[in-house]
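Starting from the known structure of chain W, fit chain D with the ligands onto it as the hints suggest.
From first to last, the protein sequence lines stand for chains W and D. In my numbering, each residue carries its 1-based index in the first sequence increased by 24. In my numbering, each residue carries its 1-based index in the second sequence increased by 54.
Calculated from the structure, these hints are not laboratory results. Note that the Cβ used here is the ideal one computed from N, Cα and C, for glycine as well. It cannot be assumed that every hint is accurate.
What the hints assert, rightly or not - With a cut-off of at most 20 Å between alpha-carbon atoms, the simulated EDC-like pairs for lysine to aspartate or glutamate come out as follows: (1) 261/W - 462/D; (2) 252/W - 462/D; (3) 141/W - 462/D; (4) 266/W - 344/D.
Claimed, not checked - So the derived label-pair ranges between C-beta atoms look like this: (5) 251/D - 126/W: 50 to 56 Å; (6) 363/D - 72/W: 44 to 50 Å; (7) 126/W - 296/D: 41 to 47 Å; (8) 337/D - 272/W: 45 to 51 Å; (9) 161/D - 144/W: 32 to 38 Å; (10) 127/W - 336/D: 22 to 28 Å; (11) 360/D - 191/W: 32 to 38 Å; (12) 251/D - 191/W: 25 to 31 Å; (13) 301/W - 360/D: 26 to 32 Å; (14) 72/W - 180/D: 49 to 55 Å.
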Amino acid sequence: MSKKAQLLKRQAHKGHVSIIGAGPAGLIAALHIKKNAPSTKVTVIDREIFVGGILNQCIHPGFGLLEFGQELTGPEYAAKVSALCRDFEIEFLTETSVLSINKKLEVVALSPKYGAKKFQSKAIVLCTGCRERSRGALHIPGDRPSGIMTAGLAQKFINIDGLVPGSRVAILGSGDIGAIMARRLTLQGVEVAAVIEIKKSLSARPRNVIQCIVDFQIPIYLEHTITKIVGRERLEKIKVAKILSDGRADFSTEFEISCDTLLLSVGLIPENELAEMAGVALDAKSNGVIVDEKFMSSIPGIFACGNAMKIYDLVDHLSEDSKKAGESVAAYLTAPLVEGKQV
Amino acid sequence: MKRKKTVNFPSYDVVVIGGGIIGTFILYELSHLPLKILLLEKEEDLAFGVSKANSGIIHAGFHEDPKTLKGHYCAKGNALYSKISKKLQLPFKRVGELLVIKEEREYSALHEFMKKGEQNKVTGLKIIDGIELHRLEPHLSEQLVGALYAPSAGVINPYELIYTLARFARCNGATLLRGEEVIAITKDNSFHIYTSKGRYHSKVVINAAGMNGDTIAAMMGVATPAIEGRKGQEYLLDKKHKGLVKHIIFPLPTPESKGTLIIPTLDGPIMLGPTAENMQAKDREDLSTDQCGYQEIMERVKFMLPAINERAIIAGFSGMRPIPREHHDFIIGNTSVAGFFQAIGMHSPGLTAAPAIAMDVAKMVSNYLSESKLIQKQKRCSKDYQQKEHHCLCHTPKKLREVKKFSELQKLWKSDPEYGEVVCRCEEVSLAEIRAAIRDGATTLDGVKFRTRMGMGRCQGAFCTYRAIEVMASELAVPHHKISKKGKKSTIIVATLGKDHE
Ligand SMILES: Cc1cc2nc3c(=O)[nH]c(=O)nc-3n(C[C@H](O)[C@H](O)[C@H](O)COP(=O)(O)OP(=O)(O)OC[C@H]3O[C@@H](n4cnc5c(N)ncnc54)[C@H](O)[C@@H]3O)c2cc1C
Ligand SMILES: Cc1cc2nc3c(=O)[nH]c(=O)nc-3n(C[C@H](O)[C@H](O)[C@H](O)COP(=O)(O)OP(=O)(O)OC[C@H]3O[C@@H](n4cnc5c(N)ncnc54)[C@H](O)[C@@H]3O)c2cc1C
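Bound conformation, chain W alone (with noise of 0.2 Å):
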């Protein structure tokens, strides 16, 4: 390497990587970033106070075999990457939320404890994780009264707080979440009155299906759906029916369930706020973002992985992806300077 092209790559090093999320993919890309370009700083950031992201509260096993081969808990596994992670030197800016970012790369951040931020960063990783869809996008007709969440909303109630939201409870859609809370509140002796899908198959993954389901022996409803819900104060019984064909309910069939409770497990959404607002191409119909192989966005410098990329539903394969995506915004980083921009 000519005395001149080591220079600049030095100065490419210098650069400052901001990774927006530290769950699981923020977490193994800033490792990767570190492993792959050592002298690059990179600064991990959170709006909450610890790190792990979503795994904190998905307390029960099925994560790690893949990656660590061994079978551990979302706190258990959490804890391994940001083990990994304390080999190297990174920041970790938790109790800080992201307000903005944009083309020049730029990211505010504002926390409780220091105020606002502003970062002049080289390279963005979009690491913000997903959202669950919520009962206004589906439209479910009814009265509005409490007692409907998201199964994730419920699962960190009971898993972090101790905190049971419902007696007897019915669940509409089959998604890992819902199996997995279907068990929990099971357990905990939670009535779990039913499990309500419109597809003709659950959608959980097999295991979760027998594990969580099946195993229980919860009543499932395929090719069902929800026509009504009752109850003024706190919820009181919803309505079901079949559905027809052409995807509408079939009202012959309707009959109710009672139960105080409804849990939403009706699919994930990649958290992309950010991303839009810099004007980060998303796509339609997923809203996670566009990105080529070398997991960088419409915008130079802007990378994305894990659920704001795509939904995973296994957290070692998201964690395979993430690594790549490490390694990638490291090769970025040090790539020589042709002309002023970064090849």
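The following block gives chain D with the ligands in isolation, referenced to the frame of chain W:
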């Protein structure tokens, strides 16, 4: 040893029943007079009745018949909003209304509305052609050929208005009690008002009880038309789609309602609706939404705005218009019982008319009190309340989402580090704002939501509810399972592991 107490029931000059926009506005107007005043609301918070679910439009006033109270008060109320929003430092935008038509022959209808509007003293009305219409609103359907343009129409946040009025009234000395349902009223020398919690005396009673206006009137033996419900479903779009329209878009109205509208709400998201469904008296509390209403709205809206995307809908809800049977107008003023006043049957445009109605009702009440020598006519020293209101304004909490500049962000954080914790990410609501809402009287999630917009965005509370309950429990010093969505049995948590709930 038990001691017998002689109970002295609290005594007031005026008791207002109902904490919706009408009751609260009247209370605010009365708080500028030297009177001892009380507002009683049956729900856990103000603005939980009709006023919580409406379109938030300050109508121009061309829809109403000039001979009705609606016609009289709508345009008058509209004009007052400039002053009131300035005084309360409340955001209010005169975005303008466009009443659109799809056929040339409908121009005659536009001319009729224009004439009505001019009789109601609506200013700035103009009939525009298709070219001008599409210049103003490029996304509207090509099939629309013209419109009546009313620049004075505006949008406001109805809850914010109510809570601000209440704060001002409180700082001027008014008392507001919530969770107190009026169950009986009797009258001898004065009125005796019995509630679910207590008993009060008053020289004057004002019935502003919304859907229950007829029930309260019946307690006094005052003949009033029965109040029937006319339901209106509304659907909200993700704020991403704001800017699709800039004006409020109206079709030609039906006898039942002003039709299905496209509303650029004050806070950004576009709202579609409402429907107009006549309910039986027993169903006037039924605020459910249904597929029919949804489809009807989407069909009508798509006709005017083909670019609308159904996938962008984040929430749907219903409101209920209180319609006096066979009366079709507001009921305002004194009654056969001296000292018993009413402002009921407030269907649309009740929100628009509220400031004008409140001014008149306050005048009627104050005249009654002085004429019947129940109180000496005296003006409250305006300096006194101006100072108090100024203090109140200075303590209006700032909103994180409105701070755009970096330097201002830092300043905001310095004023209170809790502005640094973003609790609701979709609507950018900080912990400081949530705490302020609780200190302003919010005891429920909806109370916090209506004051701050927490949970109103695209995730509909999936992220923030957890933290909100934690903050509310600690701030109100109650266990988590006592926190509810909207009071009564609407709690969120039913059990705590390892603990017995009493
Ligand atoms: C409720 C729920 C339960 C799940 N359960 C399982 C399971 O049991 N098994 C499984 O394999 N997978 C599960 N998943 C899928 C899971 O999301 C992924 O496997 C993995 O945890 C996602 O990793 P991530 O890093 O992409 O996102 P996350 O773990 O969600 O991390 C994203 C992080 O970004 C932070 N963040 C986002 N925006 C900002 C911002 N603007 N400023 C600062 N910080 C920000 C968030 O606070 C969060 O900590 C679950 C998902 C959800 C939503
Ligand atoms: C779908 C819809 C859209 C609308 N859009 C618009 C619009 O865009 N512009 C406009 O100008 N108007 C609009 N309106 C009309 C407007 O919302 C109403 O006119 C207005 O909110 C009525 O206010 P209120 O104070 O009379 O009633 P409420 O808000 O219902 O207040 C009455 C209060 O009295 C309380 N109460 C009842 N009984 C008792 C009791 N026994 N003891 C104590 N308290 C009691 C209730 O709990 C309630 O809080 C709309 C209405 C609907 C339904």
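A quick look at each hint next to the structure:
With a C-alpha separation of about 48 Å, the suggested pairing of residue 261/W with residue 462/D is violated against the 20 Å cut-off. Note on residue 252/W and residue 462/D: the hinted pairing is violated, with a Cα-Cα distance of about 46 Å set against a maximum of 20 Å. In summary, the hint linking residue 141/W to residue 462/D is supported, as the alpha carbons are separated by about 12 Å, within the 20 Å threshold. In summary, the hint linking residue 266/W to residue 344/D is supported, as the alpha carbons are separated by about 17 Å, within the 20 Å threshold.
In this structure, residue 251/D and residue 126/W meet the distance hint of 50 to 56 Å, their C-beta atoms being roughly 54 Å apart. Evaluation of the 44 to 50 Å hint for residue 363/D and residue 72/W yields a failure: the beta carbon distance comes to about 32 Å. At about 20 Å, the beta-carbon gap between residue 126/W and residue 296/D misses the expected band of 41 to 47 Å. The hint said 45 to 51 Å for the Cβ distance between residue 337/D and residue 272/W, and at roughly 25 Å that hint is violated.
A hinted range of 32 to 38 Å is violated for the C-beta pair residue 161/D and residue 144/W, which are about 58 Å apart. The beta-carbon spacing between residue 127/W and residue 336/D, approximately 58 Å, falls outside the hinted interval of 22 to 28 Å. Distance hint check: the CB atoms of residue 360/D and residue 191/W are about 47 Å apart, inconsistent with the given range 32 to 38 Å. A hinted range of 25 to 31 Å for the beta carbons of residue 251/D and residue 191/W is consistent with their spacing of about 29 Å.
Between residue 301/W and residue 360/D the Cβ separation comes to about 27 Å, which falls inside the hinted range of 26 to 32 Å. Against the hinted window of 49 to 55 Å, the Cβ-Cβ separation of residue 72/W and residue 180/D comes to about 54 Å, which satisfies the hint.
Figure legend: structure checked against the earlier numbered hints; hints not met, in rising order: 1, 2, 6, 7, 8, 9, 10, 11.
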